[in-house]
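Novice: Could you put together the complete structure from these sequences and hints?
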Amino acid sequence: MVFRVLNRLIGRTDQSDIGVDTVNAYVDGNASNDEIKIVEEMMRENPALEKDLSTQQALRSVLGRIEKVEAPRSFAITPEMVAAAEGSESGLSRLAELFAPQRKLALAPAIIAGIAALSVALLTIGDISGVVEQSEARRYETNSAAAIAESSDDSGAMGAPGQPGNPGAAGAPGEPASSDDGSAMATVVVAAKGDTVVTKMDSPAATAAPAMAAGGSAPEPEMIVEAEAPEAPSSDPEDRAFGSFTAEPPSLAAEAPLEGTADEFVDTAEQAVQDEDAIDEIELAKSIDRSDSIGGADAGSDAGSDGGATTLEEQPGLAYGQETSPQLQSPTSDDGISLPLWQLQVALAALALAAIGAWAGLRRARGE
Amino acid sequence: MGCEYDGTAGTQRSKLTNFDEQRLIQLTRDGDYDAFNRLVVEYQDAVFAVVLRTVRNRAAAEDITQDAFISAFRKISSYRGGIFRAWLFRIAKNASLDYLRKIARRPESSIDEDIVYFSETVKDDTQDPLADALNAELARLIEHCMGGLSDDHRFAMVMIDVEGYQYDEAADSIGVSIGTVKSRLNRARARMRDCVQQDPELLPASMRL
Chain A
8 MVFRVLNRLI
18 GRTDQSDIGV
28 DTVNAYVDGN
38 ASNDEIKIVE
48 EMMRENPALE
58 KDLSTQQALR
68 SVLGRIEKVE
78 APRSFAITPE
88 MVAAAEGSES
98 GLSRLAELFA
108 PQRKLALAPA
118 IIAGIAALSV
128 ALLTIGDISG
138 VVEQSEARRY
148 ETNSAAAIAE
158 SSDDSGAMGA
168 PGQPGNPGAA
178 GAPGEPASSD
188 DGSAMATVVV
198 AAKGDTVVTK
208 MDSPAATAAP
218 AMAAGGSAPE
228 PEMIVEAEAP
238 EAPSSDPEDR
248 AFGSFTAEPP
258 SLAAEAPLEG
268 TADEFVDTAE
278 QAVQDEDAID
288 EIELAKSIDR
298 SDSIGGADAG
308 SDAGSDGGAT
318 TLEEQPGLAY
328 GQETSPQLQS
338 PTSDDGISLP
348 LWQLQVALAA
358 LALAAIGAWA
368 GLRRARGE
Chain B
29 MGCEYDGTAG
39 TQRSKLTNFD
49 EQRLIQLTRD
59 GDYDAFNRLV
69 VEYQDAVFAV
79 VLRTVRNRAA
89 AEDITQDAFI
99 SAFRKISSYR
109 GGIFRAWLFR
119 IAKNASLDYL
129 RKIARRPESS
139 IDEDIVYFSE
149 TVKDDTQDPL
159 ADALNAELAR
169 LIEHCMGGLS
179 DDHRFAMVMI
189 DVEGYQYDEA
199 ADSIGVSIGT
209 VKSRLNRARA
219 RMRDCVQQDP
229 ELLPASMRL
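Just so you know, the sequences run in chain order A and B. Residues 8 to 375 in this note's numbering are what the first sequence spells out, letter by letter. Residues 29 to 237 in this note's numbering are what the second sequence spells out, letter by letter.
Be aware that a few hints might be false.
Unchecked claim - Once the Cα atoms are required to be at most 30 Å apart in a straight line, the calculated DSSO-like pairs of lysine-lysine come out as:
1) B/Lys43 - A/Lys111
2) A/Lys58 - A/Lys75
3) A/Lys111 - B/Lys130
4) B/Lys130 - A/Lys58
5) A/Lys58 - A/Lys44
6) A/Lys75 - B/Lys43
7) A/Lys75 - B/Lys103
Everything labelled a hint here was simulated from the structure, so no lab data went into it.
Specialist: Next up, the structure:
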């Protein structure tokens with residue numbers, strides 16, 4: 008509307024006043040009598056319109072006077088030409104042709120990449136904001152075994168009893184853990200219904216775990232926090248519902264005494280990592296936090312007594328491998344949507360990269 | 029059906045009836061090169077002209093036209109009826125636009141060196157040397173202005189104003205609706221009008237404001 012007013016003020020016509028069809032028909036000389044009357048009436052009102060349309064008519068006349076072009080040579084085809092074209096057209100170039108700019112699929116790789124990247128971003132944001140959470144199974148693995156093990160990788164042998172690949176941690180129950188250099192090592196053993204979780208933190212030099220597992224003469228551990236489970240191992244399958252961790256562990260430390268409290272354990276562990284670098288300290292602190300959670304029930308009881316043990320009665324249904332961390336305790340405590348988060352993120356990121364790579368490859372195949 | 033093509037471009041201007049055309053197309057589907065070459069002879073001038081006006085490079089236009097016919101032969105099974113010439117134009121147009129996109133991505137290459145001027149092809153019956161000179165200048169101006177149009181607008185203008193095709197055939201060739209063609213043509217004409225009026229002394233009196 009503004010442009011129409013401005014055009015009228017400067018004497019230019021806005022052809023939309025009379026419509027594209029009418030203008031084209033008039034310029035082409037194909038206008039009907041009614042259209043001609045409309046245009047002529049408007050031209051009387053606005054002389055600039057008449058000039059515009061007459062200019063276009065003249066231009067069209069000039070363009071129409073351009074001599075027609077004839078083919079400079081024959082474009083007849085031969086079987087050799089077709090064979091050469093087919094031969095030079097690889098499967099990739101045929102595929103690339105499907106995604107050529109003028110094709111309907113032209114934007115498909117970009118759209119796929121965009122959606123995948125957006126999904127990764129949303130998942131990340133959701134993870135940070137707590138809307139989306141890692142699914143329980145994966146979170147368990149991450150938090151209980153893998154993460155703890157990883158956090159301790161830098162500082163020494165570490166693992167859970169009965170867990171494959173952690174022979175050093177699968178030492179006999181109650182068997183002392185040690186380090187060659189005598190540096191601190193802490194072991195947390197929580198037994199419930201005869202099932203036991205062992206969380207062990209070791210110094211970097213604590214490489215004696217295999218030897219310990221082999222029954223070597225390792226010195227006494229500096230700290231062992233152990234929860235006694237006098238009852239027989241539970242046969243309730245629901246108590247053992249965590250994937251590979253449902254396997255029956257050896258009867259670890261079923262009768263071993265509690266030799267320290269969680270607080271002492273933490274102190275000892277912190278002492279052990281004083282000489283470590285900052286990263287190790289952070290990782291160890293995470294393990295401590297987790298272990299502290301495990302020992303939280305113990306900490307509330309009298310330190311150094313058997314009463315500090317976490318028993319089946321205190322934590323019914325505690326399965327082997329199930330930690331008492333609030334983060335890990337119950338899927339029903341989750342406020343967000345539980346998803347296999349990191350798997351989705353990795354898969355979507357890979358999809359985005361693949362789509363971008365495919366888009367670039369197809370462009371190259373088209374010679375662009 | 030045998031091919032009677034004698035290899036002389038532009039000399040065989042026989043107009044095929046629709047029946048003949050459909051029969052040739054059917055033979056082409058069966059792999060008959062001669063039948064397809066009859067169609068090539070019929071339409072090569074038109075295809076080459078549109079391609080040349082669009083890409084404005086004679087060598088490239090030849091390559092594109094040849095490739096378009098080869099592609100048409102290979103894709104003849106995808107022809108679903110309608111105006112066969114428009115189907116050919118669509119293949120040629122896509123190839124032309126692909127070429128222009130490649131050119132646009134290579135700033136070092138310039139089509140100005142091989143630009144197709146209309147100066148020698150603007151017909152004037154006056155036989156007046158001055159008029160010829162003015163027509164030559166006007167043709168250069170038109171060429172310059174057409175080069176300033178977008179590819180879509182230029183293709184519409186070439187199809188209708190230069191080559192004289194109907195709106196429906198142009199729409200079929202471009203693959204858009206008739207309304208879109210009219211709109212593009214309207215805008216192209218308006219821009220051409222503004223462009224050529226930058227050099228008003230070259231314009232005929234009727235074109236000067």
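Novice: Indicate, hint by hint, whether the structure satisfies it.
Specialist: Here is how each hint holds up against the structure:
1. With a C-alpha separation of about 35 Å, the suggested pair lysine 43 of chain B and lysine 111 of chain A falls outside the 30 Å cut-off, and the hint is violated.
2. For the hint linking lysine 58 of chain A to lysine 75 of chain A, the alpha-carbon distance of about 28 Å falls within 30 Å, and the restraint holds.
3. For a cut-off of 30 Å, the pair hint linking lysine 111 of chain A to lysine 130 of chain B stands: about 19 Å separates their Cα positions.
4. Distance hint between lysine 130 of chain B and lysine 58 of chain A is unfulfilled; the C-alpha atoms sit about 39 Å from each other, more than 30 Å.
5. Restraint check: the Cα-Cα separation between lysine 58 of chain A and lysine 44 of chain A comes to about 17 Å, which is no more than 30 Å; the hinted pair holds.
6. Proposed proximity of lysine 75 of chain A and lysine 43 of chain B is supported: the alpha carbons are some 17 Å apart, at most 30 Å.
7. Restraint check: the Cα-Cα separation between lysine 75 of chain A and lysine 103 of chain B comes to about 28 Å, which is no more than 30 Å; the hinted pair holds.
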